[in-house]
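Trainee: So the protein sequences, as listed, match chains A and B.
Reminder that position 189 of the first sequence reads as 188 in numbering that gives the first Met the number 0, one-by-one numbering, no gaps.
Reminder that position 82 of the second sequence reads as 81 in numbering that gives the first Met the number 0, one-by-one numbering, no gaps.
Read the hints as simulated data drawn from the structure, not as lab findings.
Fair warning: there could be bad hints in the mix.
Covered by chain B, per the in silico footprint, the following chain A stretches (three or more residues, Cβ under 8 Å) [to be verified]: (1) 203–217; (2) 236–244; (3) 300–311.
Beta-carbon label-pair distances, calculated as ranges [said to hold, decoys possible]: (4) B:Arg144 / A:Leu469: 29 to 39 Å; (5) A:Leu324 / B:His159: 47 to 57 Å; (6) B:Arg144 / A:Phe66: 39 to 49 Å.
Where is the CB? At the ideal position from N, CA and C, for every residue including glycine.
The primary structure of each chain is shown beneath.
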Amino acid sequence: MAEHLAHDAAHDDHDHKPHGWRRWVYSTNHKDIGTMYLIFACTMFFIGGGAAMLIRLELFKPGLQFFDPQFFNSLTTMHALIMIFGAIMPGWTGLANWMIPMQVGAPDMALPRLNNFSFWILPFAFTLLISSFFVPGGAPAGGWTMYPPLTLQTGASFPMLIFSIHLMGASSILGAINVVVTIMNMRAPGMTLLRMPLFVWTWLITAYLLIAVMPVLAGAVTMMLTDHYFGTTFFTAAGGGDPVMFQHIFWFFGHPEVYILVLPAFGIVSEIIPTFSRKPLFGYEAMVYAVASIAFLSFIVWAHHMFTVGMPLAAQLFFMLSTMLIAVPTGVKVFNWTATMWKGSLSFEPPMLFALAFLFLFTIGGFSGLMLAIVPADYQYQDTYFVVAHFHYVLVPGTIFGMMAGVYYWLPKWTGHMYDLKLATWHFWLSAIFVNVLFFPQHFLGLAGMPRRIPDYAVQFADWNMVSSLGGFGFGLSQLLFPYIIWKCVRGGVRIGNKAWEGAHGLEWELPSPPPFHSWTSPPSEAVIARGAAH
Amino acid sequence: MNEQRRATLNMTWKLVAIAAGSFGFGFALVPLYNVLCAVTGYGDQAKLLQKVTAIEHPDPSRTVTVQFLADVASAGGWEFRPEARSIQVHPGQLYTAEFYAHNLTGRDTVAQAVPNIAPSEVAAYFHKTECFCFAPQHFALNEGRDMPVRFIIDPALPRHIDIITLAYTFYDESSRVTRR
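One chain only, chain A, in its complex shape (with noise of 0.2 Å):
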């Protein structure tokens, strides 16, 4: 994609590189790495995004129309699992890959062969989870959560459903240790940890939950498998074993995984908010310590999605009040994005759009969170759809509008060219418009009592489901204008110098758009790196 772009760098004495697949096949460069998770987390959030239409399409009216239960469960269970570990987690890696190495001054990622290893893992994962849809008894269907006993019934997507996380789990494990080692190891110097970019910082928060908490996931689904095929019962009460056991250890992974799906999204927000505010972040080591108290909290508070199975009052108080306690972090976030703005020079670019729909509707989601951390009114809530809005809230115009602020804030510099910033404010428009018409109403529905997982519905429920589905077919029309935008960006647009935006900072701004292959071969100096570090 960028060979046609790289003879920009002319200051780069030793800029070759292989041609044709071998480039891409065998490559060790964190861009070109990075621009194959993107491309790879585009392609998931489509094929994800076509099966959220299929569910859509299906609960636009009440009765069955298209799909029969099981397949419908399955669909909701792969468009989970395409979009979690398919779309966000590489999307997020792949941002890692192209702006880390370039924001704290290194060359390259610190285990380049690994680079090429975790990438490479994922076709193959997806191949797998994927192909499962045309195995006799159909893709799995127990919802993402894999939940025993219902999952251990699972058909011969079974194993395939098994082996494609642990693979999942193998690629972004080594992808997080590959992020550690390189901001613990490779920052330029005079690059302090606190001066680095809160990108960097939140990255570096995730990559360590990930390593904590993705094998734990990987034991869960061993056990599954070896209760399925190997006779033990870790899961299955006829053995001694107990099924409610999997879903404390399942999120034991699960929570700490909802934060390594936001918070690199706190980290862009918190340099695209500034750049557009014309004024440092306020705040920056609150900023810090805010995330890495919410780290810390999402290990002690998994048991509040379980309410209702059972447990001793004095757990659901600690889990509630724990819960309740990451609003304080998240408040201080949100409080101090607000204050950045606070008498600033604002202009609402697309970047900045997204930062701030971002912003105000990720609350939204969090103030749902707060509503449902509350034990007696979580037994209303549990597995109807006002979880469903909640958790779409935080990972759609939270998640994905963070992930694609990063991308139109950092677009220019990877292509060197500006893409075409009307599109691109009609692509937020309609998607900041869309998603609220698809999720706002699903509150309505889960209060009202609509069950989650389920392809038909009572009457009552009918008139929202066809307005959220109206919305879904909208937002995922509009999401289309997203790989067009970048492809016409690539292909060409008006040049820009180092800087693409006049309020950025840091070290990814010091560089030539599109930057040289290989960048920072030598160090930035003192006085750059002082120049980045705004705050």
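With chain A fixed as given, assemble chain B onto it according to the hints.
Mentor: Relative to the frame of chain A, chain B by itself:
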């Protein structure tokens, strides 16, 4: 550069060790979970499968409802139900409840009932002097019979509890959900 290389490898192996450690931690959660159940007494399986000797000290001033549930594992061909859906009991008095099981598996087989109780904190106050769940039960082809559970509720049962649900799930040797 060599020094940096060494630092990189050093850190990489440390992180790999952390990852391996958390893989192990996932498995360590299994015994930890059982220890936690045993220590707190909440829903403790071992307690529910324990035979005790008890002396009756009935407290007629207090009445508790005990509900019975009977389930079979999804793969089992059984009829399994309590003879009475619920009974009213006084703490400190010994009662007997009967569960009826009928072997429809088409085989001579052995089955085991696995108990559960709600709310889970009751596990510490629910004593069984006799139960069909203490040992695997042999059933001849097409045999049906009543099986007793004799229990006594500890008068120390917390005052706020007035309904207890005792549930059994019946597994025969073919009902490993596995291997199908």
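Trainee: Each hint needs a verdict: does it hold in this structure or not?
Mentor: Here is how each hint holds up against the structure:
no.	hint	result
1	203–217	holds (count 8)
2	236–244	holds (count 6)
3	300–311	holds (count 3)
4	B:Arg144 / A:Leu469: 29 to 39 Å	violated, 60 Å
5	A:Leu324 / B:His159: 47 to 57 Å	violated, 27 Å
6	B:Arg144 / A:Phe66: 39 to 49 Å	holds, 46 Å
In terms of the numbered hints stated before, the structure departs from hints 4 and 5, listed from lowest to highest.
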